[in-house]
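Visitor: Residue numbers (our numbering), protein chains in the order written: chain A, 21 to 324; chain B, 1175 to 1504; chain C, 66 to 453.
Keep in mind that a hint or two might mislead.
As the list claims (entries may be wrong) - Covered by chain B, per the in silico footprint, the following chain C stretches (three or more residues, Cβ under 8 Å): (1) 212-223; (2) 235-247; (3) 285-298.
Stated by the list, open to error - FRET-style restraints, in silico, Cβ to Cβ: (4) C:LYS195 with A:PRO288: 57 to 63 Å; (5) A:ARG315 with C:LYS320: 43 to 49 Å; (6) C:SER178 with B:LEU1191: 27 to 33 Å; (7) C:GLU154 with A:ASP205: 54 to 60 Å.
Hints in this document: simulated from the structure, not taken from any laboratory. Owing to the predicted nature of the structure, the values given are computational and were not obtained by experimental measurement. Where is the CB? At the ideal position from N, CA and C, for every residue including glycine.
In case you want the letters, here they are:
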Amino acid sequence: MLLLVEQVLNGLQLGVMLFLMAAGLTLVFGIMRLINLAHGSMYMLGAFVAATVTAASGSFMLGLLAAVAAAALVGLLVELVVLRRLYPRDHLDQVLATFGLILFFNALVQIVWGRQPLFMDVPEALSGSVEMIPGVPYPAFRLAIIATGLTVAGLLYLLIGRTRLGMQIRAAASNRDMAEAVGIDTRMLYSLVFALGAGLAGLAGLMAAPILAVESGMGESILIETFVVIVIGGLGSIRGAFLAALLVGLVDTLGRAFLPTLLRLFLPAATADGAGASLASMGIYILMAAVLLWRPRGLFPAPA
Amino acid sequence: MKLSARKRLLWYVGGALLALLPPLAGLADEPFMVSLASRILIYAIAAVSLDLILGFGAMVSLGHAAFFGAGAYVVGILAFHAFEGVPLASGPIPVSGTNNALVSWPLAVIVSALLATVIGALSLRTSGIHFIMITLAFAQMLFYFFDSLEAYGGDDGLSLWSRNDLAGLDLGDDTTFYYVCLGSLAMFMLICQRLVNSRFGMVIRGCAQNERRMRALGFPTYRYKLLCFAIAGAGAGLAGALIANQTEYVSPGLLHWTRSGELLVMVILGGMGTLIGPVLGAAVLLLGEDLLAIFTEHWQLYLGPLLILVVLTTRRGVYGLLLGRGNDGG
Amino acid sequence: MMRRTKITTLLALLCVHGAVAAADVKIGMITTLSTKAGYLGEEIRDGFRLAMDREGGKLGGVTVELLVEDDGRKPERGKQISERYIKRENIKIITGIVFSNVAMAVVPKVVRSDVIYVSPNAGPSQLAGKGCHENYFNVAWQNDNLHEVTGKFVTDQGFANVYMLAPNYPAGKDSLAGFKRYYKGGISGEVYTKLGQSDYSAELAALRAAKPDAVFFFLPGGMGINFLKQYSQAGLSSEIPVFGPAFSFDERLLKAVGDAAVGVHNGSQWNRDLDNGANGEFVAAFHAAYGRYPTLYASQGYDAARLIGSAIAAVGGNISDTKGLRSALRAAKFDSVRGDFRFGPNQHPIQDLYVRKVVKSADGSFTNRTVKKVFTNHADAYAKDCKM
């Protein structure tokens, strides 16, 4: 039972991480109709900058600021130089061009930082464990990730629902021409939204850096899971992305944790371990296929 | 030059070049070119098959490598059983492995087509981005399936002892194998051209433009699209059977989503919605990777921006570039 | 404009490439330089080059040109490169592959084309047993070796309830099989994870609940970094000791893991502090040339070059003499940086295996200290299946 609680926490933490990635991606899609494969590259940049700045300055906070700023700035630059020209284009052109960006950034990171992975430690204050529930010590840093993710979700909710900028975002998402007609500077708005999304990806990269290997190509593994999340949630929907991220996190974690044991009830141990592991790897894809067959436009489709 | 003349010229020059490539490579003392060219032809088949659903049917699949890999595994598994002398299935009707291309290649095509029918039947209930993602999901499931298939090497893959036997031809000889690949590509492109220009093709293209209208006209669009998807799967299966022979090796990497992505890139890069485009795309991408990799370790640093440039400066990919400005490909 | 610059650059590169002086012997290296695992190939290449540079661009007294190409960890690409090496460059000696799956795609065909392959890393069981070949030499280890030595050590230390983790792929299953070949105690869990997995929280929670007295894991590359960091963050490193093969504990990886790896025992065939003349020279020369200390992969690349050099010298540079080259390679007359070295009947190493411990040096960097020689003249378990 305690194990189940701990695994649920693990699932939440993974889900929150996915949400940080998914929020930016789904916003950019919902408003600019842009499929951005290079979103994972911003995550990677965030992690590399965070590791470098933290190591050089010794301050996690500086690392945090630098990572988010760097990802947002590079995102802005990419938007100005390349992506801006792609908004009116076919989705497929966007896929090809942003695929090119992935190749470029992966090679660039290898040239700038070398081929071996970088190191980043958990900040001193969060290095211990917290025993919230007796018998379940849980790493403080992972709790911090959960807290950060929930805070970001709340802030995004407020930003989009309660501010002037949010109103403009909603307007541009539902009808671009109309938004321009009422005097919204959509070019500016697009750049802003893109930088926001990239910054969130950078934040996710920073949160990941102390737990994961900081290496070239780290963006692609999370990118595909992020796409799974935003598709399950319904493209363009922040609320959908949030719920879907938690769902995906839980399915993935609980699948890995309990499927082999479950299968051992029916199968010989060796077969069960192998089959359980493969089924668990397929878990989120099975979930996505099932959701799409049930609701072809995701759980919370944004109005067309 | 008029567009149609230019197009015809491209067909003739391209066809002649491909037909004469082995003797030319021999003259230039570059026999290796033949095996590289075979690989390009094989990927061209897979890319053309993807273009059939992507360019003509506007069904963007990010799971096409699943059919490619499935075809390769059919050939690989049959050859493995033939070499080991272990029957594939025992029981009332024992099935043994085979190294005969006339058995295993058609079987690869059929298995891939069936697989495409099942996956297509489910996926076609969605459209747009959701279609991209659901095809990806099924392909990833198959990837993990083969990845944990221990009997056939799992992630390490399966090494074939030799190429298949094809009606007395020595496929181990690179020139012979090249012509087999070229013949397969020509045959497949011919079939596709017939298909695209037939009533069936019109309906498919009509669906791509406005599916609701086609439905209103009384066409069972779902069935048409599903058939198209299955034919594309069959083509990819043929390419898979050939790649298993070319590399004499199959592995789950053939089904990975990055491989599907590469096929997509080939089609878009070359010019989608045309039959020549994907062939050009396969050639440009594979040659580009290979040449850049010889000159620099960081070949991706150059290939990436190159792809972006192609997108930003051309409308119809490399094919559009060759045809010149002011045209809509087609 | 930009496009024109690109083309000019490419042409310039072409000219540079063509201008390389013709060498007496060409050696082809297929290795992994891109992707997450790119540094492994870099180490092997740098180790190999060092051996050449120390001889003034020669191996065995003959000028050598080393062609290096990145396989991107894709079996198919590796195969493609090997074909070009053999057919276009007329290369007779190939080396360099990092990963077993690439090796399985490339090696069988290469050795049947009368070309010698010297493996500086991957040693899949198929190529050591039934699929062995007279033209295939492995100068590093058979894949199971480093797991076997760890298994023996864990048993000797009196651990009786071990929890095991490996990725769900052949090398992962082989690793646990290799460990169990010499580990005699009980097993409290055997878990297979997704290849390339980054989050191990679910596995760690289950591990803690199983209450083992030791943990054995094989998670190469970034997976190992993730696991070790998360293991220590979960507060487990002070409770349950961890063991593993050397793959997760080379010095470049340790830099990324940090304190989380300190104190971990790991099995290896080589270490920086091994006290023999050849090793001392190698470590010093490597550090002088590249400004970092070598990893075991670099040591394997260096040994591969020196082994090939000894054979080239024996045939007097006439490498078309495949038969002579083979018997010279089999004799392995070179001073390996790991000490005693010879080939077994399947042309895989018979060598001593050690257990090392991760320590933090005075300057804050991380390294390994050799703790104990566990096996002397250890051969692999598959040699008996090899009929050459």
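Visitor: Are the hints correct? Go through all of them and say.
Guide: The hints, checked one at a time:
Coverage of the region 212-223 of chain C by chain B is violated [criterion: at least 3 residues with CB-CB distance below 8 Å; count 0]. Residues of the region 235-247 of chain C lying with their CB closer than 8 Å to a CB of chain B number 3, which satisfies the three-residue condition for coverage. By the rule of at least three residues with a Cβ nearer than 8 Å to a Cβ of chain B, the coverage given for the region 285-298 of chain C is violated, with 0 such residues. Taking the beta carbon of each, C:LYS195 and A:PRO288 are about 26 Å apart, not inside 57 to 63 Å as hinted.
Judged by the Cβ atoms, the range 43 to 49 Å given for A:ARG315 and C:LYS320 holds: they are separated by roughly 47 Å. About 29 Å separates the C-beta atoms of C:SER178 and B:LEU1191, a value consistent with the hinted range of 27 to 33 Å. Between C:GLU154 and A:ASP205 the beta carbon distance is about 59 Å. The supplied range of 54 to 60 Å therefore holds.
Checked against the numbered hints given earlier, this structure breaks hints 1, 3, 4; the rest are met.
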